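Make a model of the complete structure from these sequences and hints.
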Amino acid sequence: MTARICILDYGMGNLRSVEKALEHVGATATIANDGETIRAADGIVLPGVGAFPKAMSRVRDLGLDELLAERRGAGVPILGICLGLQLLFESTTELGGATGLGLLSGGVAGMEANGLKVPHIGWSPVRWEKASRLTEGIESETPFYFVHSFAPGPSEEDVLGTAAYGTRFACAAERDNVFGVQFHPEKSSTAGLRLLSNFAGVCAAAPAAA
Amino acid sequence: MNLYPAIDIRGGRAVRLLQGDYERETAYDADPVEAAMRWAGEGARFLHVVDLDGAKAGMPQNLDVVQRIAAAVSCPIQVGGGLRDSAAVDAALGAGAERVVIGTAALRDPEFLGAAIEEHGDHIVVSVDARDGRVALEGWTEEGGEGVVEAVRALSGRGVARFLCTAIEVDGTMEGPALGELGAIAASTDAQVIASGGVGKLADLEALARGAAPNVEGVVVGRALYEQRFSVAAAIAALAVAA
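Protein chains in written order, with the working numbering: chain A, 174 to 383; chain B, 42 to 284.
Calculated directly from the structure, the hints in this document are not laboratory data.
Keep in mind that a hint or two might mislead.
Keeping only pairs whose Cα atoms sit at most 16 Å apart, straight-line, the calculated EDC-like set for lysine to aspartate or glutamate is [to be verified]:
no. : chain 1 : residue 1 : chain 2 : residue 2
1   : B       : 242       : B       : 268
2   : A       : 290       : B       : 163
3   : A       : 290       : B       : 268
For the chain A half of the interface with chain B, some residues (derived, Cβ under 10 Å), not all of them [what the hints assert, rightly or not]:
no. : residue
4   : 190
5   : 197
6   : 287
7   : 290
8   : 292
9   : 318
10  : 335
Computed from a predicted structure; not experimentally measured.
Glycine included, every Cβ here is placed at the ideal spot set by N, Cα and C.
Shown next as structure tokens:
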């Protein structure tokens, strides 16, 4: 079956490229922020570019924090991308700090790049730290495209992937049906499309939305 | 070393110019988005998009095409051509460009360059195009007279993180890149350098990957890909094997 995936629109990020990439891998993608569309979806993508505190306040203003908690409770797969991944965690230190969605445990902090330039922009190989439905068919150390200054610190058992930039950092996390990637799969060539295709597969296999 | 397949847009089509001459154009794809999707589908990790009409007019003319390319491909794109003020830079980034390439304006308008770097940092690439070692301006129809190496050195001092260096004499000829000039430029800066012009065969890419300085991070390839001298995948392999 075709997975219906809702891309959450809270006014921050390049949603079109995520939408196109999901359509390219055969999913039905809809950009929305209303409860009806979100509740009808088999899976949810939380994208985002910009600063965490501003993004979280928009997410709350739209009531998306409660909708995400509800959908997660219903077992609907959620994928956070870049800033969207960071929002899944409990908190950040960015711009004086802010509270996140708390769907993954741990906090987000500025990168310690050991003298390398921040933001980290470019292709970096990603090492898979455990097997996952999200990364099936993608070899460990395949490069993905990054643009970020902050990175998450997940619980050790939730770390799905790591990359090295000055120091090794967590760049992909997973707990139950909540997934997050610090890199941009929609800009990461065939490997990125495979990851999105895998996510669509997870969504299609998850319990039907109610 | 990274491969940057080139998509030059003129009058809505993908074209190649010979030695930057607007009178010597070869048209390839009716729709540049098709070319972009072809290169990206073959595994390209970047695309280099030039708005030739914009370069000539001094302001972007094809941002609608840029937007369609950015949405259609799953790799980052850099965009140049006619970006001479901050509104144009913002519009290109807004259209989905990961990086913007500034040419003429970076050399003529230090205040604009400084503001662009301050605001967008590593998302700014400065294009320095050379004919016989001298800087060429205005869509390559005019020469600035300044030595290329001196220009790159001065711009590095102003915080430019990445240069695109095109050797006009060889651009579009497929007779091999200007390795000597590239070496002199790379040695004059700590910034990253993308080489452009003259690549015609895989051996050119291998020679670049083997011989170029470590800060030469990539190479733009245009005509050779359109004329199917080699594939994107073969080019990526050639640039990786020798590295």
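**OP:** Sort out which numbered hints this structure fails and list those numbers smallest first.
**Re:** Violated hints: 3, 6 and 10; rest satisfied.
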